[in-house]
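Undergrad: Here is how the chains run, residue by residue.
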Amino acid sequence: MTVTAQPAGGRPEGALRRLAGLLHRRPRLRLTLLLAAPLLWLTVLYLGSLAALFVSAFWTTDSFTSQVVRVWSADNFHELFTTPVYRQVALRSVGVALAVTALCVVIAFPLAFYTARIAPPRRRPFLVVGILTPLWASYLVKVYAWRLILSQGGLADWLLRPLGLSGPGFGLTAAVLTLTYLWLPYMVLPVHTALERLPAALLDASADLGAGAWRTFRSVVVPLVLPSVAAGSVFTFSLSLGDYITVQIVGGKTQLIGNLVYSDIELNLPMAAALGTVPVVVIVLYLLAVRRTGALSSL
Amino acid sequence: MPLTRTLTAAAATALLLTATACGSGSAGSSGGGLNPPRLKAPSKLGRAEGQVDLVAWAGYVEDGSNDPKADWVSSFEKSTGCQVHSKVAASSDEMVKLMKTGEYDAVSASGDASLRLIASGDAAPVNTSLVPNYRDIFPDLKMQPWNSVKGTAYGIPHGRGANLLMYNTAKVHPAPDSWSAVFDDAAAHRGHVTAYDSPIYIADAALYLRATRPELKIKDPYALDQKQFDAAVALLKKQNRSVGEYWGDYLKEVSAFKSGDSVVGTTWQVIANLAASEGAKVKAVLPKEGSTGWSDTWMVSARAKHPTCAYKWLDWIVSPKVNAQVAEYFGEAPANAKACAHTSDKGFCTTYHAADTAYWKRIAFWNTPIQQCLDGRTDVRCVPYARWVQAWTEIKG
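Protein sequence lines correspond, in order, to chains A and B.
Residue 1 is where the first sequence starts when you use full-length UniProt numbering, and the numbers rise one by one after that.
Residue 1 is where the second sequence starts when you use full-length UniProt numbering, and the numbers rise one by one after that.
Careful, some of the hints might be misleading.
When the alpha-carbon atoms are kept at most 16 Å apart in a straight line, the in silico EDC-like pairs for lysine to aspartate or glutamate are as follows [stated by the list, open to error]:
#	chain 1	residue 1	chain 2	residue 2
1	B	K361	B	E215
2	B	K227	B	D379
3	B	K100	A	D62
4	B	K97	A	D62
5	B	K97	A	E266
6	B	K346	B	E328
7	B	K100	A	E13
8	B	K227	B	E215
9	B	K219	B	E289
Residues from chain B shown here face chain A by an in silico Cβ test under 8 Å; the list is partial [claimed, not checked]:
#	residue
10	L45
11	G191
12	D230
13	G244
14	E245
15	S259
16	A386
17	T393
18	E394
19	K396
What the hints contain is simulated information worked out from the structure, not anything from laboratory work.
Backbone N, C-alpha and C define an ideal beta-carbon position, used for all residues, glycine too.
Sequences are here, hints too, so could you generate the full structure?
TA: Here it is as structure tokens:
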């Protein structure tokens with residue numbers, strides 16, 4: 001009120017008062033004004049750009065000047081479904097995303113179990129910070145570090161040499177390993193939180209009823225933590241599916257869907273857009289599947 | 001690809017940017033079927049307009065803000081009164097797009113961009129008599145298929161480079177003198193062969209086939225009919241089995257050769273020098289089949305708002321001293337014959353074969369493949385660049 005009182009004269013104050021009264025009487029108007037900006041952001045910028053992507057996928061390009069020609073045709077999608085290389089790369093990308101997610105789950109579960117339930121409570125915050133530290137470093141620094149680890153005579157080779165083996169070198173395996181490293185914290189955190197919230201009474205009850213450790217894990221822990229695993233997998237899956245830089249650096253000659261989009265973006269924008277709809281569709285399907293586990297409601 | 005470009009910028013050496021620049025560039029060749037719109041070159045220059053807007057590869061227009069030692073813009077501004085505004089383009093396609101806006105006066109176009117700009121009427125013919133330093137340009141760079149059409153000059157040559165065969169001297173025996181090291185004999189180094197990551201690399205395979213399979217009758221590696229194109233693609237698919245990784249920027253190739261992940265493959269002189277200076281046991285040679293290469297051209301927009309300043313810039317950038325500076329900073333052979341007297345490294349022109357006409361005769365400069373065969377054949381249609389791009393994706397699998 002002090003602010004409104006400062007401009008001399010009763011007029012502006014009166015106008016403000018009327019406005020305040022109006023907003024007070026009409027909660028719907030208040031809500032509309034409050035949400036207009038964020039909703040505009042969501043629909044126009046976010047959904048709008050997705051729509052623009054989809055629409056431009058139906059255009060074609062002039063083969064000499066690479067100018068986009070705005071003529072409707074489904075050629076790009078036809079090509080997408082009939083060219084073996086596109087199918088192959090799309091399947092490979094989904095495979096990589098699934099492999100990274102599976103590896104993250106396998107590593108994150110015991111790790112989170114330790115940080116959430118076994119480690120002394122005083123030490124737990126430090127462990128969580130430790131898991132989060134890699135997120136502070138630059139994405140590129142981490143990927144280039146992995147390039148050094150996996151290169152000829154690098155750390156991986158050196159560690160495996162006593163066993164008579166050698167590192168995987170650059171390629172699909174290297175890409176999966178590096179992506180797993182990059183996205184692991186996104187899996188550990190939700191699982192850690194779920195395990196931390198797990199009531200100890202349930203574990204005791206299970207033991208009292210004669211269940212062994214394995215049975216307790218299977219029938220009590222897993223069902224309660226599963227939604228969090230699913231939530232974490234949304235991150236690991238979608239981040240891996242969209243990545244194209246890691247695979248450029250450590251993937252050797254491997255191509256993923258993002259690399260195809262990149263190579264087409266200047267010369268054949270409509271084809272790049274058509275390729276770009278593939279991960280969108282895959283992720284929507286994945287989210288629908290995850291929703292069935294109830295994970296999204298606990299995010 | 002903003003992120004990789006950002007990374008490129010962050011790593012911020014001219015060489016890295018060189019890689020990106022040349023990577024996307026490919027030089028043009030004579031347009032048998034090219035009929036550009038009739039445009040006139042100016043016959044004389046007016047007063048300097050006080051400003052010039054340029055589109056350039058990174059490292060071509062330096063005012064000292066990236067590297068205090070690289071500055072040939074400030075002195076230009078002082079002596080001509082033309083304020084320089086420059087925009088760095090990351091690829092030939094971006095250059096073409098920027099020039100189409102009509103907001104720029106001049107561009108340092110690689111061959112594929114130059115041909116497209118000429119064809120679409122975005123680039124105007126250049127009156128070389130208004131560029132005094134043009135007379136000192138190496139004759140074998142003048143009036144070439146990628147900077148002229150039917151006897152009309154469309155730009156001033158800036159510099160050039162060849163794609164060489166680099167190998168690890170400790171691991172590749174005997175020392176290779178043929179591209180067969182990366183094609184027919186690539187399996188000897190399975191998993192450690194490298195190749196340039198661009199559709200234009202298909203021309204390297206065609207150039208090798210020109211020498212090894214005469215029955216295909218390949219004359220120009222940028223003018224391939226369906227049968228010749230299929231043979232080149234098949235060769236590259238076979239090569240793919242031995243390739244460890246493809247390289248797109250200099251950083252990746254230098255590190256791969258240093259660690260031994262790559263032991264043989266295509267390179268640029270500047271990368272070979274850098275890898276050697278960082279301790280890699282490498283050597284780069286021009287194989288007996290010859291090679292592909294690139295050459296950039298400064299062109300003037302047909303809608304230039306500052307044509308006088310643009311011509312002054314064209315003259316400035318190929319003046320002996322500046323051409324020497326930019327060639328050394330960028331890592332390429334200068335276009336001006338007198339530049340060799342001004343390089344800070346006295347052996348620079350020898351290393352880069354600047355004046356070695358016989359050397360450049362063996363180079364097939366990058367070019368935009370179009371449907372009308374560039375080698376003059378009229379009985380067949382050639383495979384256009386758009387299909388090269390598609391084939392490159394399929395080769396990599």
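Undergrad: Compare the structure with each hint and give your call.
TA: Hints versus structure:
Of the supplied pair hints, the one linking B/K361 and B/E215 is violated, its CA atoms being roughly 23 Å apart against a limit of 16 Å. Restraint check for B/K227 and B/D379: satisfied, since their Cα atoms lie roughly 14 Å apart, inside the 16 Å limit. The suggested pairing of B/K100 with A/D62 holds, with an alpha-carbon distance near 15 Å, which does not exceed 16 Å. A threshold of 16 Å between alpha carbons decides the hint, and for B/K97 with A/D62 the separation of about 13 Å falls inside it, so the pair holds.
For the hint linking B/K97 to A/E266, the alpha-carbon distance of about 10 Å falls within 16 Å, and the restraint holds. Proposed proximity of B/K346 and B/E328 is supported: the alpha carbons are some 11 Å apart, at most 16 Å. For the given pair, B/K100 sits about 55 Å from A/E13 by alpha-carbon distance, which is inconsistent with the 16 Å threshold. At most 16 Å may separate the alpha-carbon atoms for a hinted pair to count; B/K227 and B/E215 meet this at roughly 11 Å.
Taking the CA atoms of B/K219 and B/E289, the gap is near 13 Å; set against the 16 Å cutoff, the hint holds. Interface hint status for B/L45: violated, as the beta-carbon distance to the closest one in chain A is roughly 30 Å, over 8 Å. With its C-beta approaching chain A no nearer than about 7 Å, B/G191 sits inside the 8 Å limit, and its interface hint holds. At a threshold of 8 Å, the smallest CB-CB gap from B/D230 to chain A is about 16 Å, leaving the interface hint violated.
Look at B/G244: its Cβ gets to within about 6 Å of chain A, closer than 8 Å, so that hint holds up. Among the interface hints, the one on B/E245 holds; its C-beta lies about 4 Å from the nearest C-beta in chain A, closer than the 8 Å criterion. Evaluation of the B/S259 hint against chain A yields a held restraint, the C-beta minimum of about 4 Å falling below 8 Å. With 8 Å as the threshold, the beta carbon of B/A386 comes within range of chain A, its nearest partner Cβ sitting at about 4 Å, so the hint holds.
For B/T393, the interface hint holds, the least distance from its beta-carbon to any beta-carbon of chain A being 6 Å, beneath 8 Å. Checking B/E394 against chain A by beta carbon gives a least distance of about 5 Å; that is within 8 Å, so the hint holds. Taking 8 Å as the C-beta cut-off, the interface hint given for B/K396 holds, the closest approach to chain A being about 5 Å.
In this structure, the earlier hints numbered 1, 7, 10, 12 are contradicted, and the remaining ones agree with it.
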